[in-house]
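With chain A held as given, fit chain B onto it using these hints.
So the protein sequences, as listed, match chains A and B. Following our numbering, the numbering of the first sequence begins with 1328 at its first residue and continues without gaps. Following our numbering, the numbering of the second sequence begins with 22 at its first residue and continues without gaps.
No false leads were mixed into what you were given.
Listed next, with one range per pair, are the computed distances between beta-carbon atoms:
#	chain 1	residue 1	chain 2	residue 2	range
1	A	Met1409	B	Met282	18 to 28 Å
2	B	Gly56	A	Val1334	43 to 53 Å
3	B	Asn200	A	Ala1353	54 to 64 Å
4	B	Leu93	A	Ala1497	39 to 49 Å
5	A	Tyr1331	B	Lys242	25 to 35 Å
6	B	Ala72	A	Met1409	39 to 49 Å
7	A	Tyr1331	B	Arg108	15 to 25 Å
8	B	Phe62	A	Ser1408	36 to 46 Å
Quick caveat, the hints were computed from the structure, so don't treat them as lab data. Computed from a predicted model, the values in this text were never measured in an experiment. Where a beta carbon is used, it is the ideal one built from N, C-alpha and C, also for glycine.
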Amino acid sequence: MRIYATVVYLFLYVPIGLIVLFSFNAGRHASELRGLSIQWYGKALSNPFAGDAFFTSLEIAFIVAILSSLMGTAAALALQSMKGPLRVILDGLIYISIMIPGIVIGIATLVALVTVFDFFNPLLATLWPEGYTPPKLHMGYASVIAAHTLFTMSLVIIIVRARIAGMDRALIEASMDLYASPWRTFYQVTLPQIYPAILAGFLLSFTFSFDDFIISFFVAGPNTTLPVYIFASIRRGITPEVNAIGTMVLAGSLSLLIVAQFFMRDGRRRAKVN
Amino acid sequence: MAALLAPTTLWFLVMLIMPLIVILIFSFGERAAVGGYGGGFTFEQYANLPARLKAFQNTLTYAPLGTLLSLLVAYPLAYFLALKVDRRFKLVLLVLVIVPFWTSLLIRTYAWIYILGGRGIPTILEWIGIEGVRLINTPTAVLIGIVYGYLPLMVFPVYVSLEKLDKSLLEASNDLGGNSFKTFLQITLPLSMPGIATGCMLVFILLMGEFLIPAFLGGGKVFFIGNAMVDLFLQSRNWPFGSAVAATLVVIMLITVSIYMRLAMRNKTGADQSLM
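One chain only, chain B, in its complex shape:
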């Protein structure tokens, strides 16, 4: 048994634990004159974090906002797929949602450079008389890219929770005189909460470390923590400061995800109890 686990354990030690410890040590160090790590022990890097405040603000604004938008776009589709669509087409339609997610995000995102760029939607808008619309390199462009990139990841868990839902509950609600809006609000929505929670967490986690979408569609104006890190490590070679930013990101993620899990758990047990 131990022999079976040895390679995996070794991998975790060398490729996960060691790098994270190195980042933590570097984040308390000083920058060497030529760039890189210069040793020492100081809190200077963490004190300097406000210099990248904008990146943190953007990430902490657009990651939750993007998650919410993805949910708003995904939910009706998941609802349609789970409850309304004919059985014969269900599998095909479902696979069509998942397929884009498993193809390169890089290639899918750069398509939007065309669509939102000067010769794309703005030109079409000019034809119908709306002029001077700029889309590329705006927060709107980044949000569109986010919804586009992560929609499949949101649709799938919500679909699974709606699919599992006991259809007789919906009929019962209708029989008892609840209108469809009331049925949705009191039965469908609460019962799909686990799916919503899973989808939101998956998308949120990925968005917190996002680099590509802001790099392509934000054009240096809308940048995330990921973009700041790339800049710090590869351009200005300020490893200690970059490490402090990375460590802070990991800590923020651990805190938000554990708070979120706790809330989701409470919600889930709440839903289970109301079912009893």
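Here chain A stands alone, though its shape is the one from the complex:
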């Protein structure tokens, strides 16, 4: 049993270890290890395309995380006290948005938005006053953010809702009985209890958006995100530079995950104390 477990852990970590090891490769070919150096990190950090892609991904992930935690939490709170057909429909949509493959979401969003834009752009052009360049709708930041948020928002709803279900309802009722306004009840009673879930949802949304390849691949337009850039680099052939970028991405996602895990556990401990 123990030997089997060791083999599986090796299976899980040897590939990751290899990427990290080869990112310190002194040679220029990805498949031969010739001494250690950090030159590829320098190359990766000074590569303007990789840098742009990194900051694009960072911005997108940040906005996605904010939007999905706000909208997801609001929806989870509203759904809590809701019954009837609308509730059933929304529950269905939440699960469909999580179940449908990312590739279908990416393609469907691309096709739908391009069609809508093709319809509105001439309209905007005719409506715009003579002599000014009319705005042109196109794929880019907004479309990636919107498509990522569809998935991550549903994720936040599910996480926050689970937390609300485990919450002590008596506190809210007590607050109402003591004539606190709904806003004050939310701010002073509900929010302190659910914030670990919101924060965990925020970090998971950020990680998802930052790591997502397939949706961005279709809807990013000219704004290349980091995974799309890495995919294109791998297609051109693996270099130690790609490994260096990969290692930095791994380190980044890992530290975020550790933070997320910390907040989730903190939340669980609070729940136990309460």
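Frame of chain A, contents of chain B only:
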């Protein structure tokens, strides 16, 4: 309340329902001469689906097979973590399983291009005298990539169901003279069914829409529906046909997942009854 739900509802309408309706409409249309959508109403795209039969066959073969393999690799590990390992190490070992899943699948998959490629395992095999082994761009490579990518997703639900299992049942079975194999078959396995069902469904759903693993490790020889869709939308720009493929994929998934859920539900109630 309505104000709280408005943004979410709007998002679902614009980013989920509208795109799916557009795909459905396009799938009954004709391809424009320059690519894209050319209007019209025809069943031609669906009649043409056999042209991508191979992609459907591969997906419907390797997605269930990959799910099964992941389960076979994951189950003993989950069993070990839930029932055998010392309490002190449990959390660390569990986190170590989950961590890879939350890091980029793109980066983790391309590591296997090295390992399975010409200078990886085949070279090592040559040293010990086995020559001419080709791994990259074969179904084996794709299956290895699948198990590697989705193992954590399978281990976790199985672990949770084994962890919840009442240990006194195992002792009772032993006391009543059941050997360990019999105990496993009659108690442990049936009681971990909910976890197995959840894990298999998660992995299967993700595999049905897989693109990266076949693209990296299948090298154009082992391709899934996802690869066919990327090709149709981005290379040949045949949007109506691509839409028909996408719509068919969604329908296949809805059917298999609902059949699966029904079976899993029946199984679960069966297990609950036998517990009574």
